[in-house]
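Undergrad: Below are the chains, spelled out letter by letter.
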Amino acid sequence: MTGGADRAPLWQEEAVAALVHELRTPVTTIRALSEMMLDAPDMDGSERQGFLSIIAAESQRLGRLVDEVMDAARLGSDEAELQLGPVDLGGLLREAARLAAPLLAGKDARIALELPAGPVAVRGDCDRLLQVLLNLLSNAAKMVPGQGGRITVSLETGSEAVIRIRDNGPGIPPGQHEAVFQPFRRLGPQGTRPPGTGLGLPISRRIVEGHGGTLVAEPAEGACFVIRLPVPPTEGSA
Amino acid sequence: MTLTVLIADDEPNILVSLEFMLRREGHRILTAHDGTEALDLIRRERPALVLMDATMPGLTGFEVCEAVRADPSIAGTRILMLSAKARPTDIARGLGAGADAYVTKPFSAAELLERVRGLLT
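Protein sequence lines, in the order shown, are assigned to chains A and B.
Using my numbering, the letters of the first sequence correspond one by one to residues 1 to 238.
Using my numbering, the letters of the second sequence correspond one by one to residues 239 to 359.
Some hints here could point you the wrong way.
To be verified - Only pairs whose alpha carbons sit at most 20 Å apart, straight line, appear in this in silico DMTMM-like list of lysine to aspartate or glutamate:
(1) A:K107 with A:E68
(2) A:K142 with A:D88
(3) A:K142 with A:E68
(4) A:K142 with B:D309
(5) A:K142 with A:E221
(6) A:K142 with B:D248
What the hints assert, rightly or not - Selected chain B positions facing chain A (Cβ under 8 Å, derived; list incomplete):
(7) M239
(8) T242
(9) N251
(10) F258
(11) M259
(12) R266
(13) A322
(14) K323
(15) K343
(16) P344
(17) F345
No lab work stands behind these hints: they were computed from the structure.
Just so it is clear, the structure is predicted and the values come from calculations on it, not from any experiment.
Glycine included, C-beta positions come from ideal geometry on N, C-alpha and C.
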């Protein structure tokens, strides 16, 4: 009976209104800048280049938004089959850290891994789990300070595998640790809106829950996201 | 005559667009990234016109609007509210807070300039 509830749409009417709001902003910029360029043929070359780069960036933002809306819609439907197989979480975290390192380019910041010596095996969808880790790492990379930025990725294992991704950025405003998982709720310090589409965290949570796990934000210095995944019984114990 | 116009929006690319558009009109442009900074600049710089996003961090555009109207020293400031919120209730809320005009995003550059010119005459 809970199949329908598990597959509830990721967003309801309020979120659709938020989506429309998110779409209007890049469309506004693209429309205003392109109309102004048409009206101002005397615009100097460097200004024109600057405006074209903004138009390109805003178009890419629209494209990302459309991709993520499609991804979120799929995760809310029965088509969202996870391709489950054996995954070594330690290896996956190393791969995620390697792929995320370029996101820190231009900052004096680094990613520190705290991993157990041996493999930590779970059953999971490798690509989808990597998507979650990269989402969390890219959020952290945006928030860490330019000087002395630090993202710590740790993995502990027991009856479940626990991945913590912590950063030394400004953290999540008090009382907002659950709200960050609402679609289009981009929350930064003092009410600012960090860059992004506002769908990464809700999508990530849906993927982790699809693995029988949980994804939460814990109160901490900086932001701290915690993924818990079930660890299958070791071979021979079944 | 050069008039001072304040533009307040938390979307930097919208600020860039509006700043270019209004600079070409010959105005002196100030920018703010949130509602608190906007209200502070209105009090210090006394702009003739404020173009302001309705949903900014800190103080919202609605709150800034109400604060301006409640302060006799700046209550005469012209305010054009810009918003991606386009429902009739949103527009009514903006005008109810004291905005002189409410323009929904995405706006046409020509239409916005018409509204700006109208408010500055």
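Undergrad: A separate judgement is required for each hint: does it hold in the structure or not?
TA: So, going through the hints one by one against the coordinates:
1. A:K107 with A:E68: violated (27 Å)
2. A:K142 with A:D88: Violated, because 27 Å separates the two Cα atoms, which is more than 20 Å.
3. A:K142 with A:E68: Within the cut-off at roughly 19 Å; holds.
4. A:K142 with B:D309: violated (39 Å)
5. A:K142 with A:E221: holds (16 Å)
6. A:K142 with B:D248: The given pair, whose Cα atoms are some 17 Å apart, holds under the 20 Å limit.
7. M239: Constraint on M239 of chain B not satisfied, violated at 22 Å.
8. T242: violated (21 Å)
9. N251: holds (4 Å)
10. F258: holds (6 Å)
11. M259: With Cβ-Cβ at 6 Å, under 8 Å, it holds.
12. R266: violated (18 Å)
13. A322: holds (4 Å)
14. K323: holds (7 Å)
15. K343: holds (4 Å)
16. P344: holds (4 Å)
17. F345: Result: holds, 7 Å to nearest chain A Cβ.
Hint compliance for this structure: hints 1, 2, 4, 7, 8, 12 are not met, and every other hint is.
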